[in-house]
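**Student:** Protein chains in written order, with our numbering: chain A, 1 to 216; chain B, 1 to 195; chain C, 1 to 179.
A couple of the hints might just be wrong.
Stated by the list, open to error - With a straight-line cut-off of 30 Å between C-alpha atoms, the simulated DSS-like cross-links for lysine-lysine are:
| hint | chain 1 | residue 1 | chain 2 | residue 2 |
| --- | --- | --- | --- | --- |
| 1 | B | K154 | A | K116 |
| 2 | A | K116 | A | K30 |
| 3 | B | K187 | C | K113 |
| 4 | A | K8 | A | K61 |
| 5 | C | K80 | C | K51 |
| 6 | C | K13 | A | K9 |
| 7 | A | K8 | A | K30 |
| 8 | A | K136 | B | K154 |
| 9 | B | K187 | C | K51 |
| 10 | C | K13 | C | K176 |
| 11 | A | K141 | B | K146 |
| 12 | A | K136 | B | K146 |
| 13 | B | K146 | C | K73 |
| 14 | A | K8 | C | K13 |
| 15 | B | K146 | C | K80 |
| 16 | A | K147 | A | K161 |
| 17 | C | K65 | B | K146 |
| 18 | C | K65 | C | K51 |
| 19 | C | K13 | C | K117 |
| 20 | A | K61 | A | K179 |
| 21 | A | K147 | B | K187 |
| 22 | B | K154 | A | K30 |
| 23 | A | K136 | A | K147 |
| 24 | A | K116 | A | K179 |
| 25 | A | K179 | A | K147 |
| 26 | B | K187 | C | K13 |
| 27 | A | K99 | A | K30 |
| 28 | A | K61 | A | K141 |
| 29 | A | K141 | B | K187 |
| 30 | C | K51 | B | K146 |
| 31 | A | K9 | B | K154 |
| 32 | A | K61 | A | K30 |
| 33 | A | K8 | B | K146 |
Said to hold, decoys possible - These stretches of chain B come out as covered by chain C in the derived footprint (C-beta under 8 Å, 3 or more residues):
| hint | stretch |
| --- | --- |
| 34 | 16-30 |
| 35 | 70-81 |
| 36 | 86-92 |
| 37 | 116-130 |
| 38 | 142-155 |
| 39 | 158-166 |
Simulated from the structure, these hints should not be mistaken for laboratory data.
Glycine residues also receive a C-beta, built at the ideal position from the N, C-alpha and C atoms.
Listed below are the residues making up each chain.
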Amino acid sequence: MSDTRIIKKRYIFMASVFIGLALLLVILPKKSTSKQLKPEQLLLQINDNNRYVSTDEVARKIIAADSYMQLIDVRSPGEYAEFHLKGAINIPIDSIFNKDEKGNYVYEDILNQDIKTNVFYSNGTVYANQVWILLKRLNYKNNYVMKGGLNRWIETVIRPKRPPVTATVNEMALYNFRKAASMYFGGGSVAAPAEDNTPAPIIKKKAGKEEEEGGC
Amino acid sequence: MGPLFNASDEWSFVIALVIGIAFGYLLESAGFSSSRKLAGVFYGYDFVVLQVFFTAAITAAIGLLFFEYFGWIDLSDIWVNRFYTGSAILGGALMGIGFVIGGFCPGTSACASAIGKIDAMLFLGGFIIGVILFDAFYPLYAGFYKAGNQGPVKIYESLGMDREVFLLLFVIVAIASFVATGYIQQKISHKSKKY
Amino acid sequence: MEEIKVQQHTPRKYMNPYLAGVLLGLVILFSFYLTREGLGASGAFKRGVAKVEQIIIPAHVNSEKSAFYHYVKNGEDPLKNRLVYMIIGVFIGGFLSGAINHRLKLKLEHSPKITSKTRAIAAVIGGAIFGIGSAFGRGCTSGAGLDGMAVLATSGFVVVGMIFGVGYLVAWFFRKLWI
Numbered sequence: 001m002s003d004t005r006i007i008k009k010r011y012i013f014m015a016s017v018f019i020g021l022a023l024l025l026v027i028l029p030k031k032s033t034s035k036q037l038k039p040e041q042l043l044l045q046i047n048d049n050n051r052y053v054s055t056d057e058v059a060r061k062i063i064a065a066d067s068y069m070q071l072i073d074v075r076s077p078g079e080y081a082e083f084h085l086k087g088a089i090n091i092p093i094d095s096i097f098n099k100d101e102k103g104n105y106v107y108e109d110i111l112n113q114d115i116k117t118n119v120f121y122s123n124g125t126v127y128a129n130q131v132w133i134l135l136k137r138l139n140y141k142n143n144y145v146m147k148g149g150l151n152r153w154i155e156t157v158i159r160p161k162r163p164p165v166t167a168t169v170n171e172m173a174l175y176n177f178r179k180a181a182s183m184y185f186g187g188g189s190v191a192a193p194a195e196d197n198t199p200a201p202i203i204k205k206k207a208g209k210e211e212e213e214g215g216c
Numbered sequence: 001m002g003p004l005f006n007a008s009d010e011w012s013f014v015i016a017l018v019i020g021i022a023f024g025y026l027l028e029s030a031g032f033s034s035s036r037k038l039a040g041v042f043y044g045y046d047f048v049v050l051q052v053f054f055t056a057a058i059t060a061a062i063g064l065l066f067f068e069y070f071g072w073i074d075l076s077d078i079w080v081n082r083f084y085t086g087s088a089i090l091g092g093a094l095m096g097i098g099f100v101i102g103g104f105c106p107g108t109s110a111c112a113s114a115i116g117k118i119d120a121m122l123f124l125g126g127f128i129i130g131v132i133l134f135d136a137f138y139p140l141y142a143g144f145y146k147a148g149n150q151g152p153v154k155i156y157e158s159l160g161m162d163r164e165v166f167l168l169l170f171v172i173v174a175i176a177s178f179v180a181t182g183y184i185q186q187k188i189s190h191k192s193k194k195y
Numbered sequence: 001m002e003e004i005k006v007q008q009h010t011p012r013k014y015m016n017p018y019l020a021g022v023l024l025g026l027v028i029l030f031s032f033y034l035t036r037e038g039l040g041a042s043g044a045f046k047r048g049v050a051k052v053e054q055i056i057i058p059a060h061v062n063s064e065k066s067a068f069y070h071y072v073k074n075g076e077d078p079l080k081n082r083l084v085y086m087i088i089g090v091f092i093g094g095f096l097s098g099a100i101n102h103r104l105k106l107k108l109e110h111s112p113k114i115t116s117k118t119r120a121i122a123a124v125i126g127g128a129i130f131g132i133g134s135a136f137g138r139g140c141t142s143g144a145g146l147d148g149m150a151v152l153a154t155s156g157f158v159v160v161g162m163i164f165g166v167g168y169l170v171a172w173f174f175r176k177l178w179i
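Okay, chain A solo, but in the shape it has when bound (with noise of 0.2 Å):
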């Protein structure tokens, strides 16, 4: 090795040079990135089940007034008009991407933003779910669905299930919050809506497939 001294004024200028691209580019302003999801990357978001908020949350918040959360019925208006949980939009799936005369979409001011949390919920969990991928590849931030959907939210808030005899203290204090809710939201007197009755949508395909091209 040739060099002994190792404080040497090329060092300097090139250790300069490195902190002071570095620091460069610290300073330069961002880019704007709103792109949209690549569909590898989709893929790796859809296998993520932190999007899932369970009924009993929902439930919570709603009881709660939490302001910050806020639901999204995406079925038909018809629908919506015949029942929607308390606080609720409509805002019907096929209608998502509908743009008004200059050309933006109506919608994007609600489901583009990070200050409320969007909890979308449909009869079952499946067209919640489309709205959800579909959000997601333009890589909208802060959007849930809410797991099992209205009729879930029947079997569980409205009328609950009285656990077994053998049940843990847990299980009956959720039992307890779910009749005081059942209470809340008017309960016993709702009809179930229709089941969902499509078939598991293209999304659940090829979860197997393990991308190992590429690297070393």
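Since the structure of chain A is already known, use the hints to place chains B and C on it.
**Tutor:** Relative to the frame of chain A, chains B and C by itself:
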């Protein structure tokens, strides 16, 4: 606007060959064809591994970010290593041990073999044996191997930092380590006459 | 360092490591720019093994029981991959540098304190352990480490951290091999 070619295009093979030649040439020129130089990083008498490795890393990282800034490359389009928690940790640990005992890694052993180093060829032989063993007993740990996939997560995301700030920190730490190891190397290699 | 043997040509000095590092960094940069991926070494050898298995024991490698199933599935040729060409390049490049710098010499390098045989055994064992490690790590110091850090992937830093961390931990036990 890159990346220009797909990994499976014919041209990418030619490019890979050329890049490999440059890679091998630089490795050998820097002295990575000598196991004793390589192992020096663990004993303080020769930090060439650290110096080349981290200089290359920060150069490439800075370069990539500037390329993105100029719109020459789409960073979400390039290959990012997926983070499999258990496998990465175990793999890294074993590689560290193998490095200390064998004194090479596959790339350096390739270029060292090319100049006639027999210990490098032996290392390569052992490497292939290791790979075969891994495959032979694969069902035993296939589950572990595939588990813990956090995807192509970036270090600044895991640390909750701004990307450019992390890079700046990385550069500073790297340079600091160059200075520190430079001193250490000088002290140690002056002490022992042998190396 | 350099050999003190008096030969026809004395080997040239090594390149300044920082210069080599910058150049290597640029090579990586262009690799990503041109082909979307970086460097890699271990992958080529894994594919080589897969190819041999494809010929000798196709039943094994074409089943889920093999770690290299995805290299050969659908009848693919595991050697048709840029990594294989890259490692060929590494051999060529190393040879070129060795030739130009007068470092071509058949020899079993080892610390003067141990025998060639010891070094030979250590090289094979070290290689085997490294082989298993790089299979788990899905790459080696180049593919997982260098590329990983260049793209600021967590995986890269974790792997490099473990390599150096564990390496330093066990270095003391194997010091006889080197110093």
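**Student:** All hints, please: hold or fail.
**Tutor:** Hints, verified against the model:
1. B/K154 to A/K116: Holds - the C-alpha atoms of A/K116 and B/K154 are around 26 Å apart, at most 30 Å.
2. A/K116 to A/K30: holds (25 Å)
3. B/K187 to C/K113: At roughly 21 Å apart (the allowed maximum being 30 Å), C/K113 and B/K187 satisfy the hint.
4. A/K8 to A/K61: violated (64 Å)
5. C/K80 to C/K51: holds (10 Å)
6. C/K13 to A/K9: OK: C/K13 and A/K9 at ~21 Å, within 30 Å.
7. A/K8 to A/K30: Distance of about 35 Å is beyond 30 Å: violated.
8. A/K136 to B/K154: holds (19 Å)
9. B/K187 to C/K51: violated (48 Å)
10. C/K13 to C/K176: The hint holds at about 27 Å.
11. A/K141 to B/K146: Distance of about 28 Å is within 30 Å: holds.
12. A/K136 to B/K146: holds (25 Å)
13. B/K146 to C/K73: holds (18 Å)
14. A/K8 to C/K13: holds (19 Å)
15. B/K146 to C/K80: holds (24 Å)
16. A/K147 to A/K161: holds (18 Å)
17. C/K65 to B/K146: holds (13 Å)
18. C/K65 to C/K51: holds (16 Å)
19. C/K13 to C/K117: holds (28 Å)
20. A/K61 to A/K179: holds (16 Å)
21. A/K147 to B/K187: violated (64 Å)
22. B/K154 to A/K30: holds (17 Å)
23. A/K136 to A/K147: It holds: about 17 Å lies between the C-alpha atoms, which stays within 30 Å.
24. A/K116 to A/K179: holds (28 Å)
25. A/K179 to A/K147: Judged against 30 Å, a Cα distance of about 19 Å means the pair holds.
26. B/K187 to C/K13: It holds: about 21 Å lies between the C-alpha atoms, which stays within 30 Å.
27. A/K99 to A/K30: Within the cut-off at roughly 28 Å; holds.
28. A/K61 to A/K141: holds (20 Å)
29. A/K141 to B/K187: Not OK: A/K141 and B/K187 at ~54 Å, beyond 30 Å, violated.
30. C/K51 to B/K146: Measuring from Cα to Cα gives roughly 22 Å; hence the hint holds.
31. A/K9 to B/K154: violated (35 Å)
32. A/K61 to A/K30: Since the Cα atoms of A/K61 and A/K30 sit roughly 36 Å apart, the hinted pair is violated (cutoff 30 Å).
33. A/K8 to B/K146: Since the Cα atoms of A/K8 and B/K146 sit roughly 48 Å apart, the hinted pair is violated (cutoff 30 Å).
34. 16-30: holds (count 15)
35. 70-81: holds (count 8)
36. 86-92: With 6 residues close enough to chain C, the hint holds.
37. 116-130: Since three or more residues must qualify, the claim that chain C covers the stretch 116-130 of chain B holds, with 14 doing so at under 8 Å.
38. 142-155: With 7 residues closer than 8 Å to chain C, the stretch 142-155 of chain B meets the three-residue bar; holds.
39. 158-166: Per the Cβ count (3), the hint holds.
The structure does not agree with the numbered hints 4, 7, 9, 21, 29, 31, 32 and 33 stated previously, though it agrees with the rest.
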